[in-house]
Amino acid sequence: MKHLHKIASLLAFSIGIMSVIAGSKVLFRIATKNYTVLNWLVIYNVIFGFISIVAAYLIWTKHIFTKKVIAFVLTSHVLLLIYLNFLNETVASESIYAMVFRVSAWSIIALITLNFNTYKK
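Numbering follows UniProt numbering, in which position 56 of the sequence shown is assigned residue number 56; successive positions increment by one, without gaps.
Keep in mind the hints are simulated off the structure, nothing from the lab. Just so we're clear, the structure is a prediction, and the values are computed from it rather than from any experiment. Note that CB positions come from ideal geometry on N, CA and C, so glycine has one too. Some hints here could point you the wrong way.
Per label pair, the in silico range of CB-to-CB distance [said to hold, decoys possible]:
#, residue 1, residue 2, range
1, N117, F86, 33 to 39 Å
2, F50, N115, 25 to 31 Å
3, T32, L114, 38 to 44 Å
4, K6, V78, 23 to 29 Å
5, K67, T32, 24 to 30 Å
6, I21, T61, 22 to 28 Å
7, L10, I64, 32 to 38 Å
8, L27, V100, 38 to 44 Å
9, N115, N39, 35 to 41 Å
10, K6, A71, 35 to 41 Å
11, L27, I82, 21 to 27 Å
12, H3, L27, 18 to 24 Å
Derived pair list, reagent style DMTMM-like, types lysine to aspartate or glutamate, alpha-carbon separation capped at 20 Å [to be verified]:
#, residue 1, residue 2
13, K33, E89
14, K25, E94
15, K33, E94
The whole structure should be built from the sequences, with the hints applied where relevant.
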């Protein structure tokens with residue numbers, strides 16, 4: 001249990017790198033999708049992919065801002081999921097499923113890191 005935060009860090013890094021790669025492929029038209037793509041949502045995913053990679057580093061090092069960045073990412077994803085689910089009719093179901101996955105993963109990360117001590121760096 002001593003290194004549980006490293007598992008959370010690897011999970012955050014994996015989510016981040018997947019978001020950056022998948023989103024960049026769509027933005028640069030390397031990959032095409034069989035459903036309507038909302039460019040603003042792809043840009044959001046790429047930006048939060050980079051934020052997730054930074055968060056992974058902060059989690060790994062137990063930085064003092066760890067809990068704040070986790071709360072920021074999780075809150076942003078939850079709010080966007082609510083928007084996509086209830087307020088936007090043009091979004092593809094694949095986008096909603098991906099956001100549910102992100103919210104679930106970041107909830108696990110938040111639970112793992114809830115009680116560990118952070119250090120000022």
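Hint check results:
no., hint, verdict
1, N117 x F86: 33 to 39 Å, "38 Å, holds"
2, F50 x N115: 25 to 31 Å, "27 Å, holds"
3, T32 x L114: 38 to 44 Å, "40 Å, holds"
4, K6 x V78: 23 to 29 Å, "25 Å, holds"
5, K67 x T32: 24 to 30 Å, "39 Å, violated"
6, I21 x T61: 22 to 28 Å, "24 Å, holds"
7, L10 x I64: 32 to 38 Å, "21 Å, violated"
8, L27 x V100: 38 to 44 Å, "22 Å, violated"
9, N115 x N39: 35 to 41 Å, "39 Å, holds"
10, K6 x A71: 35 to 41 Å, "20 Å, violated"
11, L27 x I82: 21 to 27 Å, "25 Å, holds"
12, H3 x L27: 18 to 24 Å, "35 Å, violated"
13, K33 x E89, "18 Å, holds"
14, K25 x E94, "16 Å, holds"
15, K33 x E94, "10 Å, holds"
Comparing the model with each earlier hint shows violations of hints 5, 7, 8, 10, 12; every other hint is respected.
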